[in-house]
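Q: Chain order of the listed sequences is G and F. In this text, residue positions in the first sequence follow my numbering: the first is 1, and each later residue adds one. In this text, residue positions in the second sequence follow my numbering: the first is 1, and each later residue adds one.
It should be emphasised that the hints constitute simulated quantities derived from the structure, not laboratory data. Keep in mind that the hints are not guaranteed to be accurate.
Listed next, with one range per pair, are the computed distances between beta-carbon atoms [said to hold, decoys possible]:
| no. | chain 1 | residue 1 | chain 2 | residue 2 | range |
| --- | --- | --- | --- | --- | --- |
| 1 | F | Arg230 | G | Asp4 | 48 to 54 angstroms |
| 2 | F | Arg51 | G | Ala266 | 18 to 24 angstroms |
| 3 | F | Lys164 | G | Val95 | 24 to 30 angstroms |
| 4 | F | Ala148 | G | Phe73 | 55 to 61 angstroms |
| 5 | G | Val236 | F | Arg16 | 18 to 24 angstroms |
| 6 | F | Asp163 | G | Leu58 | 32 to 38 angstroms |
| 7 | F | Pro22 | G | Val209 | 28 to 34 angstroms |
| 8 | G | Tyr24 | F | Lys164 | 54 to 60 angstroms |
Rough simulated footprint, nothing fancy, chain G against chain F, three-plus residues with beta-carbon under 8 angstroms [as the list claims (entries may be wrong)]:
| no. | region |
| --- | --- |
| 9 | 48-57 |
| 10 | 220-228 |
Derived DSS-like pairs: lysine-lysine, alpha-carbon spacing no greater than 30 angstroms straight-line [as the list claims (entries may be wrong)]:
| no. | chain 1 | residue 1 | chain 2 | residue 2 |
| --- | --- | --- | --- | --- |
| 11 | G | Lys7 | F | Lys188 |
| 12 | G | Lys130 | F | Lys164 |
| 13 | G | Lys7 | F | Lys45 |
| 14 | F | Lys83 | F | Lys164 |
| 15 | G | Lys51 | F | Lys83 |
| 16 | G | Lys203 | G | Lys215 |
Note that the structure is predicted; figures quoted are calculated from it, not measured. For every residue, glycine included, the Cβ atom is placed at its ideal position computed from N, Cα and C.
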Amino acid sequence: MRIDPNKCVACGNCLPVCPMGAIYIDPASNRARVNGDECVECFTCYRGMSKEHLNPTLVRAIRRTAKFFRFRFDPEPDICPTDAIVPEELSWPRVVRRAFSDPQVPHESTGIHGRGTAEVKTNDVTNRVKEGEAGFVVEFGRPGIGARFRDIERVTKALAELGVEFESNNPVTSLMSDSTRGLIRPDILNEKILSAIVEIKTKLEKVPVVLKRIKELSREVSTVISIGVSTRCDGVGEEPLREILEQEGYPAYRGKTNLGLGRITAP
Amino acid sequence: MTNTLHRYSEHYAFERPPNPQPVKDDFIVFAMASRGVNDDDLITKYREFLRLALKHNPVNIGDATKGGTLRPRKDLNPTAHWKRDQLPNPEEVISGIEGHTTVAAVFENYQDMKVFVDDVRAANLGVSINISAPMAEAQRCCRETGIARHSVEYSLGFCGRVDKLPDATVLELSTMCGHGMLSANFVKKMIEWVKENRRSPAEVTRTMARFCICGVFNISRAERILDEARTKNR
Chain G
1 MRIDPNKCVA CGNCLPVCPM GAIYIDPASN RARVNGDECV ECFTCYRGMS
51 KEHLNPTLVR AIRRTAKFFR FRFDPEPDIC PTDAIVPEEL SWPRVVRRAF
101 SDPQVPHEST GIHGRGTAEV KTNDVTNRVK EGEAGFVVEF GRPGIGARFR
151 DIERVTKALA ELGVEFESNN PVTSLMSDST RGLIRPDILN EKILSAIVEI
201 KTKLEKVPVV LKRIKELSRE VSTVISIGVS TRCDGVGEEP LREILEQEGY
251 PAYRGKTNLG LGRITAP
Chain F
1 MTNTLHRYSE HYAFERPPNP QPVKDDFIVF AMASRGVNDD DLITKYREFL
51 RLALKHNPVN IGDATKGGTL RPRKDLNPTA HWKRDQLPNP EEVISGIEGH
101 TTVAAVFENY QDMKVFVDDV RAANLGVSIN ISAPMAEAQR CCRETGIARH
151 SVEYSLGFCG RVDKLPDATV LELSTMCGHG MLSANFVKKM IEWVKENRRS
201 PAEVTRTMAR FCICGVFNIS RAERILDEAR TKNR
């Protein structure tokens, strides 16, 4: 993402809007600039802000006058007055940033928007996680911190050593050079993204071991990790996972419940 | 997409209190089809899902590829700073559905959610339907509507460098956009504006909701949190 210096009036509205805090006012030019290394190409500034199309020269003159008299104008905080935010054409490997940060871009590997995963949301028709199995969604960078693939790889390598099965239909797995060892393509390791989900599957009895290992590994990375665990219920809607989680001391308060109302209907 | 899974509350505090307050005003129901499995006549199914939701007072509805009932505008003029159009537009969500996506409805109480789930069950749309809410409430809803849960997914909260995260009030608000489009810095700014009486909680809530790309931002809950943040040291 780029901010057009010819249009920017340094109003500062876009600064707090950036989830990564990657926008700042350059004191030399008195224009907003994007720190390219921190920007994850999530398009929040470009898409999330409403826009006016005012004349930049006029707006700067008004702002200078108001500033001279120490007037505080109270504009709407989510408007770019001069439409100064400009998306750039992204090439490899930077394009990976957008794929994992802008939820409006579907992942090529799964065709799914957002983080590109279906987890157990469609388990009633895919049967991906079966009775006696546990599906893990290990999300890096959420909420609002961001992550680099080198941190993700540190965890995937260790999880591979535990013998877990990486979900094949997952955007992170699709970028692995060797999924049996949890290795991610070296050319993207320094790319920063808003968040990415690693999906793995194990037997239910391995849940405590895997969770313990993820917790240990979380201390070695420079980002936050959000964890979700799923399983399939039995015929009357009961499941053993909650008890396992509570015994291990995890909060199992909130989550998703697939109602089993999906069915195969396509011809 | 785990966009509704990790919504922060006291239950996920890093030092959990002994008796965290139950979340009573945040229930999401969403529909999602699988490619080549149950995506025939998809747009009609999604639109029916959302039209059924509108009968039960949702506080927001959304299409994950287009946004919720409040969206940014690209054609504002300076009068917007004094008189902003703040009205939600559910019809824009419904008519804008073009194909594969996830559609969601957010409710501020259990009863509305339950009656809606019952309607969806009766409508027999054939797409996957999920409740994202406190698990006990979702299970109760299933029992009361005669549904046997198929699968469950628990949020276990956050670990790692949690020292980088903002405070609880900011997290409660920012994690209501699970895709991370609602910046913690922006939420902090909006909380300060409410405290300074520069904007009302209702105005600020609508401003924040425009950043949520899939429409699962709970407008009612956000307004309550902001109102409390004005007077309480939360």
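Q: Are at least 3 residues of the region 48-57 of chain F within less than 8 angstroms of chain G when you compare beta carbons?
A: violated (count 0)
Q: Under the criterion that the straight-line Cα-Cα distance not exceed 30 angstroms, is the pair G/Lys130, F/Lys164 satisfied?
A: violated, 36 angstroms
Q: Mind checking the hinted window 48 to 54 angstroms against the Cβ distance between F/Arg230 and G/Asp4?
A: violated, 37 angstroms
Q: Tell me if the beta carbons of G/Tyr24 and F/Lys164 are separated by a distance inside 54 to 60 angstroms.
A: violated, 19 angstroms
Q: Taking 24 to 30 angstroms as the stated bounds, is the beta-carbon spacing between F/Lys164 and G/Val95 within them?
A: holds, 26 angstroms
Q: Should the hint that F/Ala148 and G/Phe73 are 55 to 61 angstroms apart at their CB atoms be regarded as holding?
A: At roughly 58 angstroms between Cβ atoms, G/Phe73 and F/Ala148 fall inside 55 to 61 angstroms, so the hint holds.
Q: Quick one: are F/Arg51 and G/Ala266 within 18 to 24 angstroms, going by C-beta?
A: holds, 22 angstroms
Q: Take a quick look at whether F/Lys83 and F/Lys164 sit within 30 angstroms of each other, Cα to Cα.
A: violated, 37 angstroms
Q: If you draw a straight line from the CA of G/Lys7 to the CA of F/Lys45, is it 30 angstroms or shorter?
A: Violated - the C-alpha atoms of F/Lys45 and G/Lys7 are around 44 angstroms apart, more than 30 angstroms.
Q: Given the hint that G/Lys7 pairs with F/Lys188, does the C-alpha gap stay at or below 30 angstroms?
A: holds, 27 angstroms
Q: Note whether the CB distance of G/Val236 and F/Arg16 lies within 18 to 24 angstroms or breaks it.
A: Because 31 angstroms falls outside the window, the suggested range is violated.
Q: Holds or violated: are the alpha carbons of G/Lys203 and G/Lys215 at most 30 angstroms from each other?
A: holds, 19 angstroms
Checked against the numbered hints given earlier, this structure breaks hints 1, 5, 6, 8, 9, 10, 12, 13 and 14; the rest are met.
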